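Trainee: Protein chains in written order, with the working numbering: chain A, 1 to 310; chain B, 311 to 601; chain C, 602 to 834.
One thing to keep in mind: the hints can contain errors.
[To be verified] Listed below are the simulated EDC-like cross-link pairs for lysine to aspartate or glutamate, each with C-alpha atoms no more than 20 angstroms apart in a straight line: (1) K571/B to D552/B; (2) K652/C to E633/C; (3) K788/C to D474/B; (4) K813/C to D351/B; (5) K678/C to D368/B; (6) K463/B to D598/B; (7) K666/C to D360/B; (8) K463/B to E648/C; (9) K227/A to E281/A; (10) K679/C to E560/B; (11) K536/B to E680/C.
Don't read these hints as lab results, they were simulated from the structure. Being a predicted model, the structure only gives us computed values, none of them experimental.
Residues per chain are reported as follows:
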Amino acid sequence: MFGVFCYYVMSVIKVQNISKHFGSLKAVDDLSFEVQAGQVFGFLGQNGSGKSTTIRMLLSLIHPTSGSIELFGKRIEKNREEILEQVGAIIERPDLYPYLSAKEHLQLFAKVRKQKIGEADINTTLEKVGLAHRAQDKVQTFSLGMKQRLGIGIALVHNPSLIILDEPTNGLDPQGIADIRQLIQYLAKEEGKTVLVSSHLLSEIEQVAHQILIIHQGKKMVEGVTKELLDPEKRIVQIKTTDDATALQVIAAGSFSDYLLSRSEGMYLKIPTREIPLLNEALVKAGVGIVGIETKNSLEDYFLQITSNA
Amino acid sequence: MWSLIKVELYKIFSRPRTYIAFGAIAALIVVIQLGLKIDGDSYASFLMKDINDTLTVDGKVLNGYLICYILLQLLLVHVPLLVALIAADMISGEANLGTLRLLFTTPYSRTSWVFAKFIAASIYTILLLIWLAFLALFVSMWIFGTDDLFLMKSNYVVLIEQNDVLWRYVGAFVFASFSLLTVTSLGFLLSSLSSNSIGPIVGTMSAIVFFTILSTLNIPLFTIVKPYLFTTHMNNWKEFFDIQVNANNEAITGSILNIPKIKTSLVVLTLHIILFVSASILIIKKKDILS
Amino acid sequence: MKKLTFILHTSYILFGLMFCVHATAQTDPLIEKVAQKLALVNDYVAEGTMKTDVSFIKASLGKVKIYFKKPNLLKVKKEGGISLLPRGGVSLTINTLLNTKGYTAIPVGTQILNGKNVRVIKLIPNDDNLDWVISTLWIDPVEALVYKTATTTKESGSYEITMQYGAYAQQGLASKIIFSFNTKDYKLPNGITLEFGDDEPVSKQKALKNKKGTIEITYNKYTINKGIPNNIF
């Protein structure tokens, strides 16, 4: 019943203006985004950018300093148990119990779900993550990649609607990375799951995600549909002006509003190449002084540039 | 909640470390029983040297009941340290492993998890005590036989008839469970403050040693705090082995000298347990899980 | 010659007299009367209760069996339990005192004891190797019953035994015997008993020191002259 209800709720994740401060450190700063049902949402940022902190807030492991988080249309802090029954997650490195076997892990975590999960489901999960042949082995004998697979298995064993994978390909070999990519695509396409996957590698995210958000120093830098962000016909352009406020009004009022990505050290837009001069003209007409217009060759260049500015 | 408790118990008893305490207790008890079996007469003679000047004691003084009392006196000081090994690892151990975040992303509240962990740690503690009781009492009875319990305290002697002894041991073990659960809850509390286990384990052991010293030193400065320290009350299981006498100085079979003392101690220990566990729950509820 | 013979004869007579004096118990007719009464009892098994009243001991009433066999075998057995008896004192009952081979009885007068007129007689054993050195008896001359003894021993200090009589007075067997003795201080170090911080108030401790202790045996039933094997003792 809850799963049916979920189908009709468009935003599975709705984050509004969340911030997290650790003393004077702003780990996450006024972040907002939404994830639609059935989507694969790519959460991109370098190490220490605030991805894991955001994910921990989604899962109520960390209390936000401000802002609100809704999953399945409900506030996480008030409906935590109900929401988490439908969520499976792996957070950062796969930490497990070294003295238990792979199968014992899945049995353990199956026990703490309110729904009944049988041996068949556990065996299916082990096959899905490629650990059926090592089911009885203690985790202390596993490689990092195998632990990662088991962590994903734990996230999947109860057939959740929302899957949150924080750096799921860490430690995996190229075949393993490909397997995880296929699994994510399968979960979204064939099983209709919503998947939020985070990484510091754009190449991984852009292959699976429908929507991408780039976070840097706790702030959203870019958010958009992957196809559009990677559209070679459109360039990412950084515009620096003498009057950002007026420039934003011009962009918002005109046809350029859809192209705005983020504001940080000026403004970033993903704009068709042919419209760059038109934007320039509109700004000049409005009396905005243009300090510089810089184009990026690709989303990757843009990502590398903003992350190297740290 | 019961599934969480089962999961926690499964984890506790899947770890080799858990069995160290059972093994240590068995080894300690066997060694002491062996020593007393071989050379118990000298020990008994030493204990009874003052009495033997005046009286002849006829009967099996060094029997299973007395051996059990001696063992409890020795071990109930040291068993808390073994309890701390598990209790102080319950939360910080998971934080250190990184598995705490796995547990807290399941559809159970943090309170449920913390409470389930405490219950599981308590069950472990009780099982340890049952093991101790089995070895100290029943195995001693089997090896040394039974007779009246001839208890030589520091200033007086209590002679309890053998059919009046067993229920006292039941009472003493129930009381001891409260003492050990207080240690469990203290270890648990310290565990909730840390993300590695060494600190809470050492902290629990240090706290017990420190407060035991405060409880036993007869310094006037400490008498104010003594009644509130759990270590002052932990050893009052011995009160089950002191009996009332009537106006003719005849011991009253089936009586306990100071029932109010036992009741007070139970209340103090229970309050400590509630306080420590409640504090643990509050701490964990408020905590950001960064491990 | 005549003088020498006289001296020799006198010496023989005196020596003979001395020998007579030392070879037999120099007893008192009342002692004899008591002994004759007790001689009728070859052995007995008595059932009773024992109460221990020592300042530093808490013990309950215990059921006991007392076994006696002539001349001086005595055993007090608590039924299934530990019994506390005064060191060496229990064995020094009337029977064992009067069954001693050779003693001197010295009457020292009369007294009123618990409303009874009693004769007080001291016994001194002739054999210096015995543990008891002197014993004073308070005897009712009419009933020929000993109501009290006070005995000093070499190894085990001094004891008083007080007797009360009832149904078995005819056979000289008491219905209640109370052993009184001095007790020494009892103290075990806290390091042995592990009773740290449990110290009793000082005034109560002082009350426990240097007191007299008593052990009281109440005899409920005697089974007399049925035979008792020696291995009981």
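Trainee: Run through the hints listed earlier and report the numbers of any the structure violates, in increasing order.
Mentor: 2, 3, 4, 6, 7, 8, 9, 11
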